[in-house]
Amino acid sequence: MATYLEFIQQNEERDGVRFSWNVWPSSRLEATRMVVPLACLLTPLKERPDLPPVQYEPVLCSRTTCRAILNPLCQVDYRAKLWACNFCFQRNQFPPVYTCISEVNQPAELMPQFSTIEYVIQRGAQYPLIFLYVVDTCLEEDDLQALKESLQMSLSLLPPDALVGLITFGRMVQVHELSCERISKSYVFRGTKDLTAKQIQDMLGLTKPAMPMQQARPGQPQEQPLVSSRFLQPVHKIDMNLTDLLGELQRDPWPVTQGKRPLRSTGVALSIAVGLLEGTFPNTGARIMLFTGGPPTQGPGMVVGDELKVPIRSWHDIEKDNARFMKKATKHYEMLANRTATNGHCIDIYACALDQTGLLEMKCCANLTGGHMVMGDSFNTSLFKQTFQKIFSKDFNGDFRMAFGATLEVKELGVGGTSQWKICGLDPTSTLGIYFEVVSQHNAPVPQGGRGAIQYVTRYQHSSTQRRIRVTTIARNWADAQSQLRHIEAAFDQEAAAVLMARLGVFRAESEEGPDVLRWLDRQLIRLCQKFGQYNKEDPTSFRLSDSFSLYPQFMFHLRRSPFLQVFNNSPDESSYYRHHFARQDLTQSLIMIQPILYSYSFHGPPEPVLLDSSSILADRILLMDTFFQIVIYLGETIVQWRKAGYQDMPEYENFRHLLQAPLDDAQEILQARFPMPRYINTEHGGSQARFLLSKVNPSQTHNNLYAWGQETGAPILTDDVSLQVFVDHLKKLAVSSAC
Amino acid sequence: MAELYVKPGNKERGWNDPPQFSYGLQTLAGGPKRTPLTKRVAAPQDGSPRVPTSQTSPGIPPVGPPPPLSKGSRPPPVGSCPASGVEPINFPVIESETLLEDVLKPLEEALEDCRGHTKKQVCDDISRRLALLREQWAGGKLSVPVRKRMALLVRELSSHQWDAADDIHRSLMVDHVTEVSQWMVGVKRLIAEKRNLSSEEEADEEKSTATVEENQMAPGVQEAP
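In the order they appear, the protein sequences are chains A and B.
Residues 7 to 746 in the numbering used here are what the first sequence lists, from first letter to last.
Residues 6 to 230 in the numbering used here are what the second sequence lists, from first letter to last.
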């Protein structure tokens, strides 16, 4: 349905919203029969260069239980200067400042093209952004040097008014007092003993919050920041001293004997960081940035002991309940994460090591607070350095892309009260999955006007320190599922549905057994096909899905094989890392993670998308695969031979040079835009790194069935995984069967 | 003005380390984005793997040469990314050898201007770093791109182009941190102090540093009535 695709795309571009169903079933019973829940992906701070914020505050509905914001769906009486709330039908008087409005002089928030609009709040104090670096010193020399340089570099990227602080840790935890004096002071804590927030604040001498006693007057320039503490100072004042301090950081001095891991007190270090910010700057935007080069090995939150011969837990260990420290450590970090979120702060984890670092236990710190999780092999890599630089990248207005302290409110038609969530760290791609429950009774008439409406209100601290409110108000038609199933079917967004179901699946996988999740996913897919497929009973060959569903089984097939649900090929840390990013990316990127993109480059025409299938691997093609976490360029066998022969250097074969360059250019564009930086694999037929491509493609030709299809093109895959064809065949059989 | 280049990643430390983009490339605003690679192909509903529309015989020797350019029946699939692997753009006016004094002298003069208005300790700190810069430069420890960019920075500073000078300092910190980290923060501070000094001096034309505007906007109207 071309028109629905356009509708879906336009809505996403304007409002940052993608619904699984764009025509809503009008009763609860029917909604459950549709298998895929009514849900949406919302990108609250979607970048909108064409949407300048308005410099006034929103107009609210006067009903205290409603408080919806004036929007294009409201009925307006311009003569009487009244508006009717579309959520609770309350009639409201416009404020005096709106006396001049009329049909030809509408305020922006009533115009349909401003279904998404952003307000700037002028009142209230504005506090600077706060960055607290928590740095592991148990690193190898060149790793520590690279990290120090990255941190020094970051001081040039931070805004001059931002506050910055430094905690270093190894066996002990050191909180550095930042001053312009020659002598540097620090407070040293044992890494073995956890302390309460109050104890930390007492020991650091933070007896009262550092916030100013009076509110800064609105609109006045902050020439000198009124807020600071001995441990968190403005960049413009402290940059030289902090640069020196960072430059002088040494590796943790405690010797590490043969066969042992360094003693790393990450749990206490984080605890002190959280307590420090809690005591000085509660309720304003702050990032705790943890840089670690190995697992926590002592104190609360330790993930493994210091004996190297005892390896860190694997998925097998966890399955067999053989992970000694996991539960206790996870609890420790969950406690810290909850406190941090309550304080409106966020925690980032930058973990660079060849072995695991405890991301599994620490993931709640990033996940519950909206912080980043970055995983690399070493701080001395481009992957870390550039990913870290991108945190400080600026948008088209020259502002940081990060936002803080957000609360999201969701308001729906007819339901009393609203739902609210807190997201302490947010950026323009952060995307939430919101799942709705239709509450109307079966056979109740479709509501008057036939449309349902939802309003999303996101209040947050912008990186310029302004407080802002982004309001998105959308409406969709209700339909009676009995008589109008075709309408509902045509309005299905299979891409959004796939991602929303995938998020549910991953959520289940965190608490249920792996095989149970796959069974659940399969069952939902079969039910969906039974409901919406066209077929003759007991005749699998008759089965057809309409266009709006045609890609969905493929998405589910790839989801089942993805690292989000297949964990045994990865370490627990890797799985946590992949799942972290999956849970927050927008639809396009999430889909890439579920079903990687594969483009083919050849002399036969422009680059074209091809099936993620072994039959796409051909000798005279170059493939570019994007899995989100990796960019893979693969040269077919003939291409490799041509390159070896040096044709690209001959002027009469310049087009071959262009062919080799084209995927590199496209890869570069992806690499420049993506956060976090993906790994980059440039490989070829027969290369050891080709396994990245071979493991992702559908193994339609394996060593089991190489000659079964009657053609010998494409590369066979050595695997016993079921192929898409077999999967779909089974699916059809089950869908048309009366037994299910 | 900024350098635009791509270096390979650190293969020794990180397998499959992605290439490193210069500050100039990273901060390029958008630019003409080609169609993003986000399309997919649906698997055929009847289950057989799709046969590609044209296929050469499955490679393996002996194989002939690729289609030469002269045949030209189809346009080559060119990706024209503007900054792919481009050599650093040469600055038009810098002479071949950037002289130490051309850079250090203006910096030291700028520092002198700031004495009296800026705290002694800050001036001493900056002075210490300038001395370090001088020592490293004279000792041949700084690469050509760093020296060239410092000359440019000093030019911008002398012309009171604070933002441009600041941006150059940032690009040097991002692209050449190992070489410059010890002293660059002094130069950064010097730019900031000179900027403050000059805005104090130009009291009549002093711009407000407010981040929030005081204008009362009427609803729906984008500019002040």
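Since the hints were derived computationally from the structure, they do not count as laboratory data.
The model shown is predicted, which means the values in this text are computed figures rather than measured ones.
The beta-carbon is built from N, C-alpha and C at its ideal position, and this holds for glycine as well.
Check each hint, because a few of them may be wrong.
[As the list claims (entries may be wrong)] In the DSS-like style, the derived pairs of lysine-lysine whose C-alpha atoms are separated by at most 30 Å in a straight line are:
hint	chain 1	residue 1	chain 2	residue 2
1	A	Lys400	A	Lys326
2	B	Lys153	A	Lys702
3	B	Lys125	A	Lys396
4	B	Lys124	B	Lys16
5	A	Lys334	A	Lys315
6	A	Lys396	A	Lys199
7	B	Lys124	A	Lys396
8	A	Lys702	B	Lys12
9	A	Lys400	B	Lys16
10	A	Lys428	A	Lys334
11	B	Lys110	A	Lys400
12	A	Lys337	A	Lys400
13	A	Lys266	B	Lys16
[Stated by the list, open to error] Label-pair distances were calculated between CB atoms; the ranges are:
hint	chain 1	residue 1	chain 2	residue 2	range
14	B	Leu74	A	Asp522	29 to 37 Å
15	A	Gln264	B	Lys124	29 to 37 Å
16	B	Thr43	A	Ser190	49 to 57 Å
Against the structure, the hints come out as follows:
Straight-line distance between C-alpha atoms of Lys400(A) and Lys326(A) comes to about 47 Å, which puts the hinted pair past the 30 Å bound. A C-alpha spacing of about 47 Å is found between Lys153(B) and Lys702(A), which places the hinted pair above 30 Å, so the restraint is violated. Proposed proximity of Lys125(B) and Lys396(A) is contradicted: the alpha carbons are some 36 Å apart, above 30 Å. This hinted pair does not check out: Lys124(B) and Lys16(B) have alpha carbons roughly 46 Å apart, beyond 30 Å.
About 22 Å separates the Cα atoms of Lys334(A) and Lys315(A), which keeps this hinted pair within 30 Å; it holds. About 35 Å separates the Cα atoms of Lys396(A) and Lys199(A), which puts this hinted pair outside 30 Å; it is violated. Pair hint Lys124(B) plus Lys396(A) does not hold up; C-alpha atoms about 34 Å apart against a cutoff of 30 Å. In summary, the hint linking Lys702(A) to Lys12(B) is supported, as the alpha carbons are separated by about 28 Å, within the 30 Å threshold.
Taken as a hint, the Lys400(A) and Lys16(B) pair is honoured in the structure, with Cα atoms around 29 Å apart against an allowance of 30 Å. A C-alpha spacing of about 26 Å is found between Lys428(A) and Lys334(A), which places the hinted pair at or below 30 Å, so the restraint holds. Of the pairs offered as hints, the one joining Lys110(B) and Lys400(A) is violated, with about 33 Å between alpha carbons and a cut-off of 30 Å exceeded. With a C-alpha separation of about 36 Å, the suggested pair Lys337(A) and Lys400(A) falls outside the 30 Å cut-off, and the hint is violated.
For the hint linking Lys266(A) to Lys16(B), the alpha-carbon distance of about 27 Å falls within 30 Å, and the restraint holds. In this structure the supplied range 29 to 37 Å is violated for Leu74(B) paired with Asp522(A), their Cβ-Cβ distance being about 58 Å. Taken as a hint, the range 29 to 37 Å is violated for the pair Gln264(A) and Lys124(B), whose Cβ atoms sit roughly 51 Å apart. Taken as a hint, the range 49 to 57 Å holds for the pair Thr43(B) and Ser190(A), whose Cβ atoms sit roughly 51 Å apart.
Hints 1, 2, 3, 4, 6, 7, 11, 12, 14 and 15, counting from the list given before, are not met by this structure.
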